[in-house]
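Please take these sequences and the hints and turn them into a complete structure.
Sequences listed follow chains C and F, in order. Residues 1 to 419 (this note's numbering) make up the first sequence, in order. Residues 1 to 384 (this note's numbering) make up the second sequence, in order.
Please note that the accuracy of each hint is not assured.
[Said to hold, decoys possible] Quick list of in silico lysine to aspartate or glutamate cross-link-like pairs, EDC-like style, CA-CA up to 20 Å: (1) F/68 - F/43; (2) F/247 - F/231; (3) F/376 - C/293; (4) F/376 - C/116; (5) F/166 - F/238; (6) C/91 - F/325; (7) F/361 - C/81; (8) F/376 - C/120; (9) C/207 - F/321; (10) C/207 - F/334; (11) C/382 - C/323; (12) C/300 - C/285; (13) C/207 - F/325; (14) F/93 - F/43; (15) F/361 - C/175; (16) F/50 - F/99; (17) F/312 - C/82; (18) F/328 - C/84; (19) F/175 - F/153; (20) F/306 - F/285; (21) C/207 - F/43; (22) C/318 - C/351; (23) C/91 - F/372; (24) F/328 - C/351; (25) F/361 - C/173; (26) F/101 - C/116; (27) C/207 - F/44; (28) F/328 - C/82; (29) C/91 - F/321; (30) F/50 - F/34; (31) F/93 - F/145; (32) F/361 - C/77; (33) F/328 - C/81; (34) F/376 - F/319; (35) C/207 - F/238.
It is worth saying that the hints were derived from the structure and are not from the lab.
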Amino acid sequence: MTEPSEKTTSRRALLGWGGAGLALGAVAAGGAVAATRAGDDAAPAGADAGAAIPFHGKRQAGIATPVQDRLHFAAFDVRTEDRDAFVRMLKEWTEAARRMTAGHTVGDGAYGGLAEAPPDDTGEALGLKPSRLTLTIGFGPSFFDRFGEKFGIADARPEALTELPQFASDNLDRDRSGGDLCVQACADDPQVAVHAIRNLARIGFGKVVVRWSQLGFGKTSSTTPDAQTPRNLFGFKDGTRNIAGTETDRLDEFVWVGEKDGPDWMAGGSYLVARRIRMHIETWDRTSLQEQEDVFGRSKGEGAPVGRAKERDKPFLKAMMPDAHVRLAHPDSNGGATILRRGYSFTDGTDGLGRLDAGLFFLAYQRDPRTGFIRIQRNLAKDALNEYIQHVGSALFAVPPGVRDKDDWWGSTLFGKEA
Amino acid sequence: MRPARLSAVAAATTVAALTAVTGCTEKGSSAGSDRVVEVTATDDKCEVSKKEFPAGHIELAVENKGSKVTEVYVLFPDDRIVTERENIGPGTKQTVTAEVKAGEYTIACKPGMKGDGIRQSVKATGGSAAKRDPRLDKAVAAYREYAQQQADETLPLAEKFAAAVKSGDVEAAKKAYAPSRLGWERTEPVAESFGDIDPKVDVREDGLEDGQDPATDWTGWHRLEKSLWKDKKIGDREKELADQLIKDLKDWQNRVGKAEITPTSMANGAKELLDEVATGKVTGEEERYSHTDLVDFKANVEGAEKAYELLKPVAQGNEPELVTELDKQFAALDGLLDKYRADKDSYEFTSYDKVGDADRKQLSDGVNALAEPLSKLAAAVVVK
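Pasting the structure below:
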């Protein structure tokens, strides 16, 4: 993260600095971005963990772009009934996101400004690389419930954006569920991700409040199949058959909202399901290897489907136990339905009983949750894995298309360009 | 009140603010060479390149040539802190800037960051510290009057509380407790600027410093709060403490009018009052036995609002949007607090142990919504 390269204590000079700082930023970002072309349908590279992922594009970054190592996910509730104030905040958020994803500080930076004022940027990301930071925004069903009329956007509510139904064995904590807005911050450096959420929360004070947030520390799925498939906290490879960032056809069919899907403001966007899935780590760890492999339907070492030799061999579902996780979750068991998974492991210390408070913070993007997550999750009611997991948090968000250019902002398709 | 372990720093921060001082160590200072004082600190010396400099903006160029981590202070003649810089490692250089009026000062180096330090007397001469805006002078004068008035009004209420304690009447003392604290809570940053009074009257048990014995060294309101609500009894020690409290509060009353107050310190003080709410009251830590946190909460907000109202005419000219936002957020928080009292003139608030988690979050959200723009007030009243 870099500061504007010149320092001055003159207030007037500082005010004039924003523009120049941005121009410099654009040049710097251009250099760092190199081969990455996220937000485009082309394959995003971005293998360099320090590089910047472009913020502007047809799609929001943080969905089909390569999955980073760390997550800070925050759900916000809206606290203002003033549409103008809310839109102004979205624009301020966008500007801050534009700067932070390029590796720059927020506003006039973390130091060197007026001594009497708190710095615009909180400073903990100074000297750190852009770390492939992506910031992805979404709007929850409760946003339309509570502000649809007040903000004049009730008619824009997508049919697909309805609270998720109760699923078998859900044990949801209200304080870890829902939210009017969400921001998903992913980066290869946890401090960069936390810095981003912290600064957005700060800009949001008085307009929005954090409802809950979740840190994640190890990706459990990737969108770059060439890379080593990551493992979840059960020790199994996860997301072997995930949708890759290069699979344009599958992305269009299963992830991106189409032009004709409606509503118009969501075209090019997606729907995000977030689930906090607690894993009963201790009981899992004393489960026999045979049972562990039966439960998943894959071998623990290689990750090969039952009866196959290699991880990427086509699964033979009928060879698996009827309640094996892979069998029930597979597209062939769900009328072809599939979703783009982008989840992270989490460990929030231990609970009062000394058990790891750990699991999977499941994140999945899809064209329509009714034919995506809901369809699949219903089929998982008999999943053998349910004995070892519990869904304790849940949220759904409509994720709008990307911010096109420097004049565009998060939510512009919903609120109207001229808002 | 914050724990006393932090109070030395807290007081320093406040005092620094009270003198429109910038404890800034960033590069890019614009001080001319006659305003730069080179300070060479070693393990047994604290050498300064000049003992006289013009009043106004000064810059201490500190170099630690010793073997120990050191800190450097600029002090008023009565040892109040003008500005300070801690953690200056051996072989490193730091720049400390300050805005000083004409007068006598002390520069102290503290090798090992302990003790009174090695001291040098210095003098700021002539000149004026900063351009003055008569509207701000008026605001400072009015705020000084307010601080004095709050102390003057507190004493009879505190005496009523002390009298109830001394008569052994637990119920009467409980009733008089929260009202006796209102004036203090409204102007706490001013009181804290003296450094020595706050740890005597408003410290919590966990705020005692290392080596202090709660049985003998813990004094003030919260010590009595514990006796009244937790131990439910008044003994000889409590009666002594009631007298001590009045003595310490009289000290405050006598000194509060002489506190260094500037527009910046008023604005920062307002923000600090909200910080007090955010860290102490919203969590229920401040009044952990009496649960009268919302009374303190209200008093803190009132004190912040007073400082803001006095600075508003200037802020309005510089940052009209900030003023609009602050008006809105003060009104919102006041409205929220009103839900916890029967009528708007009453200072009897709902006991905080009866305020649920969801309501506490709502209060906390309201504090954040106000404190964030309030942190920008100081910059909006800087004389340019």
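Status of each hint after checking the structure:
Between residue 68 of chain F and residue 43 of chain F the CA atoms are separated by roughly 7 Å; this keeps the pair inside 20 Å, and the hint holds. Between the alpha carbons of residue 247 of chain F and residue 231 of chain F the distance comes to roughly 24 Å, so the proposed pair goes past 20 Å and is violated. Taking the CA atoms of residue 376 of chain F and residue 293 of chain C, the gap is near 58 Å; set against the 20 Å cutoff, the hint is violated. A C-alpha spacing of about 8 Å is found between residue 376 of chain F and residue 116 of chain C, which places the hinted pair at or below 20 Å, so the restraint holds.
Straight-line distance between C-alpha atoms of residue 166 of chain F and residue 238 of chain F comes to about 8 Å, which keeps the hinted pair within the 20 Å bound. Taking the CA atoms of residue 91 of chain C and residue 325 of chain F, the gap is near 17 Å; set against the 20 Å cutoff, the hint holds. A distance of roughly 19 Å separates the Cα atoms of residue 361 of chain F and residue 81 of chain C; the hinted pair therefore holds under the 20 Å criterion. For the proposed pair residue 376 of chain F and residue 120 of chain C, the alpha carbon gap of about 10 Å is at most 20 Å, so the pair holds.
Taking the CA atoms of residue 207 of chain C and residue 321 of chain F, the gap is about 15 Å. The hint holds against a cut of 20 Å. With a C-alpha separation of about 17 Å, the suggested pairing of residue 207 of chain C with residue 334 of chain F holds against the 20 Å cut-off. Restraint check for residue 382 of chain C and residue 323 of chain C: the C-alpha separation of about 6 Å stays at or below 20 Å, so the hint holds. Note on residue 300 of chain C and residue 285 of chain C: the hinted pairing holds, with a Cα-Cα distance of about 13 Å set against a maximum of 20 Å.
Taking the CA atoms of residue 207 of chain C and residue 325 of chain F, the gap is about 11 Å. The hint holds against a cut of 20 Å. Of the pairs offered as hints, the one joining residue 93 of chain F and residue 43 of chain F holds, with about 15 Å between alpha carbons and a cut-off of 20 Å not exceeded. Pair hint residue 361 of chain F plus residue 175 of chain C holds up; C-alpha atoms about 11 Å apart against a cutoff of 20 Å. Of the pairs offered as hints, the one joining residue 50 of chain F and residue 99 of chain F holds, with about 17 Å between alpha carbons and a cut-off of 20 Å not exceeded.
A threshold of 20 Å between alpha carbons decides the hint, and for residue 312 of chain F with residue 82 of chain C the separation of about 23 Å lies outside it, so the pair is violated. Only pairs whose Cα atoms come within 20 Å are accepted, and residue 328 of chain F paired with residue 84 of chain C is accepted, the gap being roughly 15 Å. Of the pairs offered as hints, the one joining residue 175 of chain F and residue 153 of chain F holds, with about 17 Å between alpha carbons and a cut-off of 20 Å not exceeded. The suggested pairing of residue 306 of chain F with residue 285 of chain F is violated, with an alpha-carbon distance near 25 Å, which exceeds 20 Å.
This hinted pair does not check out: residue 207 of chain C and residue 43 of chain F have alpha carbons roughly 52 Å apart, beyond 20 Å. For a cut-off of 20 Å, the pair hint linking residue 318 of chain C to residue 351 of chain C is broken: about 39 Å separates their Cα positions. With a C-alpha separation of about 18 Å, the suggested pair residue 91 of chain C and residue 372 of chain F falls inside the 20 Å cut-off, and the hint holds. With a C-alpha separation of about 41 Å, the suggested pair residue 328 of chain F and residue 351 of chain C falls outside the 20 Å cut-off, and the hint is violated.
The suggested pairing of residue 361 of chain F with residue 173 of chain C holds, with an alpha-carbon distance near 16 Å, which does not exceed 20 Å. With a CA separation close to 18 Å, the supplied pair residue 101 of chain F and residue 116 of chain C stays within the 20 Å bound. Proximity of residue 207 of chain C to residue 44 of chain F is assessed by CA-CA distance (about 54 Å); at most 20 Å being required, the pair is judged violated. Note on residue 328 of chain F and residue 82 of chain C: the hinted pairing holds, with a Cα-Cα distance of about 12 Å set against a maximum of 20 Å.
Taking the CA atoms of residue 91 of chain C and residue 321 of chain F, the gap is near 17 Å; set against the 20 Å cutoff, the hint holds. Restraint check for residue 50 of chain F and residue 34 of chain F: satisfied, since their Cα atoms lie roughly 9 Å apart, inside the 20 Å limit. For the hint linking residue 93 of chain F to residue 145 of chain F, the alpha-carbon distance of about 42 Å lies beyond 20 Å, and the restraint is violated. For the proposed pair residue 361 of chain F and residue 77 of chain C, the alpha carbon gap of about 12 Å is at most 20 Å, so the pair holds.
Distance check on the hinted pair: residue 328 of chain F and residue 81 of chain C sit about 12 Å apart at the alpha-carbon level, within 20 Å; holds. Restraint check for residue 376 of chain F and residue 319 of chain F: the C-alpha separation of about 10 Å stays at or below 20 Å, so the hint holds. Note on residue 207 of chain C and residue 238 of chain F: the hinted pairing is violated, with a Cα-Cα distance of about 47 Å set against a maximum of 20 Å.
Violated hints for the displayed structure, listed by number in ascending order: 2, 3, 17, 20, 21, 22, 24, 27, 31 and 35.
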